[in-house]
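Fit chain L to the known structure of chain X by using the hints.
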Amino acid sequence: MSDNRLFNEKRRAILGGTAAAIAGITIAPGIFLTETAQARPADQPVTDKVRWGILINTNNCNDCNDCVTACQQENGWGMGSDDEKNSQANQKAQWIRTVKISNPETGYAKTLPMMCQHCEHPPCVDVCPTGASYKRVDGIVMVDKHICIGCRYCMMACPYKARSFIHENLTDQRSYAPRGIGTVESCTMCVHRVDDGKDPACVEACSTSMIFGDLNDPNSEISQELKRHGGTQIRADLKLNPGVRYQGLNV
Amino acid sequence: MKKVHFSEIKGDSAGYLSIVGILGLFIAAGLGAFWYMEHNGHWVTGMNNEVVWGIPHVFAVFLIVAASGALNVASISSVFSKAAYKPLARLSGLLALALLAGGLMVLVLDLGRPDRLIVAMTYYNFKSIFAWNIYLYTGFFAVVIIYMWMMMERKMNRYTKAAGTAAFIWRLALTTGTGSIFGFIVARQFYDSAIYAPMFIIMSFSFGLAVFILVLMAIFGGTGRPLGDAILFRLKNLLGVFVAAVLFMVIIFFLTGLYATEHHGVVAFILNGDNIYTKLFWVVQVILGSIAPIAILYNPVTGTSRAWIAIASLLVILGGMAQIFIIIIGGQAYPLILFPGMEVASSFTDGVVASYTPSLPEFLLGMSGVAVALIIVTLALKVLQFTPNSLADADVDPHHKAAA
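Going line by line, the protein sequences match chains X and L. When you read off a place in the first sequence, starting at 1, and then add 10, the result is the number in my numbering. When you read off a place in the second sequence, starting at 1, and then add 24, the result is the number in my numbering.
The hints are simulated quantities; they were obtained by calculation from the structure and are not laboratory data. If a hint is listed, it holds; no wrong ones were tucked in.
Computed list of lysine-lysine pairs in DSS-like fashion (alpha-carbon distance at most 30 angstroms, straight line):
(1) X/Lys120 x X/Lys208
(2) X/Lys237 x X/Lys120
(3) L/Lys151 x X/Lys249
(4) L/Lys151 x X/Lys155
Stretches of chain X that chain L covers, calculated by requiring three or more beta carbons in the stretch to come under 8 angstroms of a beta carbon on chain L:
(5) 92–106
(6) 168–176
Ranges of calculated distance between the beta carbons of each label pair, as one might list FRET restraints:
(7) L/Gly246 x X/His156: 48 to 54 angstroms
(8) X/Lys249 x L/Gly245: 56 to 62 angstroms
(9) L/Ile275 x X/Lys208: 55 to 61 angstroms
(10) X/Asp154 x L/Trp306: 40 to 46 angstroms
(11) L/Tyr148 x X/Val56: 20 to 26 angstroms
(12) X/Val147 x L/Arg178: 56 to 62 angstroms
(13) L/Leu55 x X/Thr181: 25 to 31 angstroms
(14) X/Asp247 x L/Ile315: 35 to 41 angstroms
(15) X/Val147 x L/Ile315: 51 to 57 angstroms
(16) X/Thr57 x L/Tyr283: 45 to 51 angstroms
(17) X/Lys59 x L/Tyr183: 55 to 61 angstroms
(18) X/Thr181 x L/Val307: 42 to 48 angstroms
The structure presented is a predicted model; accordingly, all values stated were derived computationally and were not measured. Positions of the beta carbon are idealized from the N, C-alpha and C atoms, including for glycine.
Isolated chain X, as found in the complex (with noise of 0.2 angstroms):
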């Protein structure tokens, strides 16, 4: 008898050591092999003492297209998507263009990428009548798709003209970049990849000319960059003081 209960001793001991063991795995890499990603936690509302930007450096774009097609497959339109197929051309929703300018006297040309430029006094966010077009505190404009009533007044007011609206139904969008027919919507500045700690897609795909990071810290890449070399901004004489910025723009 006394043999049992130690053999029963024994037992207990090496099942509750193996509970443990097991439960400390279990917890263990929780604690020790998180690491705090550059963007705050999820359930951390956003703050203003970021602002988000991109930097473009248009000497060295050479209109390869692939922010288009970066953008274009991480949300869900144009090439991205199976829908608007009775769309006419100009009824299809484009979030990022490459843009031709040239100097007619002088001839000299060059290629940029225009997507919306996420001002910090947005004009479509002023005329949107619901509020929907809104900017958030870490300067990402986007649209509330579920108060958008399609008026498109926004598109009106955008001298980037940086807003589609969408013209016909849709079944093949992303979860995560919510479309609708008859709302109105632009670039996000991929909200969700930021919100993540990743680059915006086009940034990612560029691999020449764009850069992305916090305007608002000094010590930042595109902050640095920004005090070597200066930067301008499209329609800078509307004060808008958009978070998207251009180098070379020198025409």
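Chain L alone, transformed into the frame defined by chain X:
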């Protein structure tokens, strides 16, 4: 001055019923067009990502502008105490409400998500002139209905002047709001000008009065009630003044644009371009819509002929539609200037004039707005006492001398 008597119109003739029937058909066609556009999406229209507002908005803005102007006649009687216009005040208020209803219907039915109208009425961004307009337009209904109640119920007549003044101020705010839709747009070369607010107010005087004159002649011609020259000629002279005032504003707008080198591009596009806007501007807006009506209305022969007065009013309306088409469509067709002086090209029509081909559903929707306005007037006349029994000279003109 004799007391004015009002009564409902009989509204049982074949002519009346056919008018209601035809208007009903136009409304049905418009609703069908709305269903077609909403069900399929806007790809079935001519509107696109460059020209986002099209024919429906031209009709809607015209109706809304005319609505505020149609109230003018009532305002002249109540606010400015011109007794001769008092018999017309009820019709003026009714027409204002009807035109606004028609215009708003077209605007709402063209939304990308008209099912979200309740969202538009519960979520407001008050920096947006559109948000203010929602209050101004719906408030106009309330203000004018109260004003008409004061006019039409004997006990409340002593409040007519106060209600009329409130309605007058409200309509000025409303038309300012409508003009500012364009005046507040900094992005586009053809907009971003303070002149849009006062210009739209003057346009409303002109278009609203032209519509009022035509509706008045139709009602009195159709019912056989007498419409004297005294009142009609006052109205037509007033119309001439308003048309001239609009022309003045247009001249100032383009002269200023011609002075500023920065605006030469868009001014040349409208005044001297190889496009539909230039043709519409000179032929329809200026010659047919402004110069011809002024000439007709002040010429001693044509200005005293009922047929010619009606023609002049129609021309004013035509010119007004052309003017609004040029403002809305032309203003969008001219490219955004992102790189001044540069040649620009892209896959999203940067740097080029945008193309727009109006489609049938858009026209049907727009015309159904007109039909809704007219059917409201037609039916209301039968139900309530809007129509004076007589507008003959002896009955309205306080200074009328009987013909020798």
